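Chemist: Okay, so the sequence shown: first residue is 27 according to my numbering, each after it adds one.
None of these hints come from the bench; they were simulated from the model.
Remember, predicted model here, so these are calculated numbers, not experimental data.
Quick list of in silico lysine to any residue cross-link-like pairs, SDA-like style, CA-CA up to 20 Å:
(1) Lys222 - Pro270
(2) Lys453 - Ser420
(3) Lys62 - Asn488
Quick list of simulated restraints, FRET-style, between CB atoms:
(4) Thr194 - Thr274: 36 to 42 Å
(5) Tyr88 - Ser134: 20 to 26 Å
(6) Ala461 - Thr187: 28 to 34 Å
(7) Asn488 - Tyr433: 30 to 36 Å
(8) Pro487 - Arg238: 28 to 34 Å
(9) Asn176 - Gln345: 25 to 31 Å
(10) Asp329 - Asp271: 17 to 23 Å
(11) Thr192 - Lys453: 52 to 58 Å
(12) Lys453 - Gly327: 34 to 40 Å
(13) Asn425 - Thr331: 46 to 52 Å
(14) Tyr433 - Gly326: 39 to 45 Å
For every residue, glycine included, the Cβ atom is placed at its ideal position computed from N, Cα and C.
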Amino acid sequence: MPKIGNKLAYICAAALASATLMPMTSASAATYPMSKKYININGTLFTSAEGFSAVDPDSGQYTTYMPIWYIMQLLDKLGVANSWNGEEWMLTIPGATPTPLNVGSIASDRRLVSVNNTSFEDPVAIVANDPYSGNPTTYFPIWYIMQVLNMAGITSSWNGTNWNLTTTNSVASQSVTKAQIVAQMMQALGMQPNAKYTPQYDATLPVVDMQRLSPTSSPWTDVPTSSPYFGYDYTAYESGWVSPDSSTSFGAGDTMTVEQVDAIYQAWTGLPLSEMYTQNAFGNPYNFANVEYINHGLPGGPDTTVTASMWSQMLNNIQVNLRGYIPLANGKYQMIFNSSTLPFDSATNGIYSAKFVAAESAFTTWFDSDVQFWTSGGYIYMSLPVQDPLLSISVNTYNGDSAQASYNGGATWVTLPKDGGDTTMGKPVLLRAPASAGGLGFSAIDYTYDQGGPFYGVTYPNGLNGTPVMKDYAGNVDSIVNVN
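Hey, can you work out the whole structure from these sequences and the hints?
Modeler: Laid out in structure tokens, this is it:
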């Protein structure tokens, strides 16, 4: 069964309200070329993102637009609680008293920013293509966010490339709460607030029904409907991905361990906990999240309490997982294993087979460390360190052209069959396919469990010098979502 949330993370705008998807101005990534911007906190690099300059209709001056997701992670790092529902960006800053904005009807190209439940700004936002996924996402003018941060005592400056922020409010060692973690994980995974996600199945394809909910009150006294976290916490609860402490308490102020957070991610993927203990597979949510990159770079172990800096790292890791690769310094990319293409099993109504889970666990040990891809001389290349004699690799391109394999580092090449040529078992292999092939990918077959793995492929929709996009065998980065 494909990952329930993966299609929404890559096309999060598509899963939001239709107004979020519709072009809000004539702007596009083609009109405003992207360039890398850097966010620094107290002189230390926090993150970088692709942004662009455009004229702010309110001032008539050029300003910088950046993807809303990265700004949200910045606010989280700075301890500013915030949530986004596609129409309104809600922030909580204790002690802040913003001047209310006289809001009538909001124009379709504007998005509301509220602070402490007070409407504060309504800047023009721009929908442009995300260079990582090639799909639309929402970009915000950072000047307006700088004004919000001023209310939190955080000063900032901007030189066109570097956004430098200065704060004495260190949150690195502070714990984050259950209400915050659950809500922000739902946002990172592309979920809608106040919704219920339910997997449905037909004979060949899983479909995810998203039912919009309209709660008039909260079942929990500690997360009222006025909380910026309520809508996303409610979604996680209704979808069965998290349990409240009781019928009247969500446990909003609880701290969480790494494995407790991992369990929410595992539940969201659709992988049943019972399947994780079969045939020496992942064993527990913590091991599963380790394989999926979610716990990369975290200190401690499964019982470590998640701090603000750890949570920021986990949110970033989720985005890397959904993107499917890490850029390397040499122009190559390292693939990241994720369960986005786990197969649907009609015989068990969508539940993974134990053999498949075991096979996944068996070959992820070499997968995460050494599977790399890159382009050169009009070709897409992949290196696979296959050394297990019981592991076979099936290779495909997207338009049926033949791929080639080399077992001696590229000195000589063997043309593989067009219908998915298997490489020789037990040998490291280098693969390549011309740009005309539309992309290159592989799946693995573990003969220990007589079970095939998912297909991992890469395409370059904007040419070999553009940004790579991970896709399944059918060329999709998403699955079907029904909105009710």
